[in-house]
Amino acid sequence: MILLAGLGFRDAALLRSEFVRPVARVAGHWGAEWSYCHYSRLQDDPADGYDAVILCGTALKDTGYLREIGRFSWLIEAPVPVLGICAGMQVLSLVHGGTLRPACEIGMVDVRVLCPNPVLPPLPSFQAYALHRYSCDPPPGWTTLAVSETCVQAVSHPHLPLFGVLFHPEVRNGVVIERFLSLVYHGKEGEGEEGQDAPPSGHG
Amino acid sequence: MRVGVLCSGGKDSLFACMCAMQEEEVACLITVFPDNPESYMFHTPNLHVVRLQARAAGIPLVAGTSRGREEEELADLSRTVAEAVERHGIEGVVTGALQSVYQASRVQAICRDLDLWCFNPLWYADPGEYMETLVSSGFDVIVSAVASEPFDRTWLGRRLDRAALQDLRRYAERYGTSLPGEGGEYETLVLDAPFFRHRIVIGESEAVWQNFRGVFHVKEAWLEGDA
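Protein chains in written order, with the numbering used here: chain Y, 1 to 204; chain S, 1 to 227.
These aren't lab readings, by the way, just hints derived from the structure by calculation.
Every value quoted in this text rests on a predicted model; they were computed, and no experiment measured them.
You may find that some hints are simply not true.
In silico SDA-like links for lysine to any residue, alpha-carbon gap of 25 Å or less [as the list claims (entries may be wrong)]:
1. Y:Lys61 with S:Glu73
2. Y:Lys61 with Y:Val95
3. S:Lys219 with S:Gly203
4. Y:Lys61 with S:Asp115
5. Y:Lys61 with S:Leu77
6. Y:Lys61 with S:Asp113
7. Y:Lys61 with Y:Arg133
8. Y:Lys61 with S:Gln99
9. Y:Lys61 with S:Met21
10. Y:Lys61 with S:Leu74
11. S:Lys219 with S:Glu206
12. S:Lys219 with S:Pro60
13. Y:Lys61 with S:Asp76
14. Y:Lys61 with S:Trp117
15. Y:Lys61 with S:Ser105
The shape of chain Y in the complex, shown without the other chains (with noise of 0.2 Å):
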């Protein structure tokens, strides 16, 4: 079961219908059981129970996350998987001990793979769907996976499964999501097999 994480500045159906439910999207065509939370609602340990956590993103105006940071510690040691889209990544680069700076772009963005991953397309290069108006220096330590011309779009921790992408995956790169997905149930790497990992028995 994945844990999908609203992070909207209210539980609105506005925000949920844009932001997680075509994550739940992919999820669901992958195979997977998820279910919603709006991360106000978060307790102790929330991770707990769940196979990995989606955190998804929010409007671009939407800073109010941000003023509630707080609410996130439990990433610091995150039990599952994480997968930060957007927001999501900022959140979890904020609690690891990066920064934020201003970088806005809107649309479609080339994205320069920097590295082999489990996660991204492969080398070189992906268009993918930008909404943000701040990127992430990475936490000490993380590893830049991939950048756009203005900002880094992707970091994962250097050694747990942790991922932060600023794009949007769920528009026009479910491949991420899914490899993502691939990882937590299958614990491998999904390159070069886009959208072919069959989902884990027991799921969907």
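We have chain Y already, so just place chain S on it with the hints.
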């Protein structure tokens, strides 16, 4: 939050409007009308019916104008949204964008420049689920234009009901057309919605057809009870 809904008169903008009404306050509809309707003939047929839709819904309409030049469209839309902010105090804009990154990005950029929220409640919704919900939730929608094979002239003015949805599904499977017409395969016009106080009645209409393109022109329409 007070929001304005970008409205083309078609199913997506009015369905998005209904989504927004469920938890926000829809303070106005926002539509840009071309000065020269001919230039928009195949893009936004029957845009004039939006005035009736606004009356039917009891929501004010902020009507902007455009000379219909593509490079000026963005500025025209931005000016109209700014007028909606001034007149109705909206803090956000709602669109019916489904999967068009081009369309969504343009509106996102306008909202950023005007410091407004931008909501897209149909964004990447499952096409099948969305269309199913649309035909089963009290909307009366007709096809107002078609622009590709295999849509023939019988689609002009056709009601989007279960039988039509079944045909659309078949087309999607066989020809790869988009179920909700995302690729511009067909355009729609909303005659009734769950939040309309009156339905729109079409008096006079004309179907124009050539080379797998056609428009169902609504020449005369009114709100039921107005006649």
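Results of checking the hints against the structure:
| no. | hint | result |
| --- | --- | --- |
| 1 | Y:Lys61 with S:Glu73 | holds (23 Å) |
| 2 | Y:Lys61 with Y:Val95 | holds (21 Å) |
| 3 | S:Lys219 with S:Gly203 | holds (8 Å) |
| 4 | Y:Lys61 with S:Asp115 | holds (8 Å) |
| 5 | Y:Lys61 with S:Leu77 | holds (19 Å) |
| 6 | Y:Lys61 with S:Asp113 | holds (11 Å) |
| 7 | Y:Lys61 with Y:Arg133 | holds (8 Å) |
| 8 | Y:Lys61 with S:Gln99 | holds (20 Å) |
| 9 | Y:Lys61 with S:Met21 | holds (20 Å) |
| 10 | Y:Lys61 with S:Leu74 | holds (20 Å) |
| 11 | S:Lys219 with S:Glu206 | holds (7 Å) |
| 12 | S:Lys219 with S:Pro60 | holds (23 Å) |
| 13 | Y:Lys61 with S:Asp76 | holds (22 Å) |
| 14 | Y:Lys61 with S:Trp117 | holds (6 Å) |
| 15 | Y:Lys61 with S:Ser105 | holds (14 Å) |
In summary, this structure violates none of the numbered hints.
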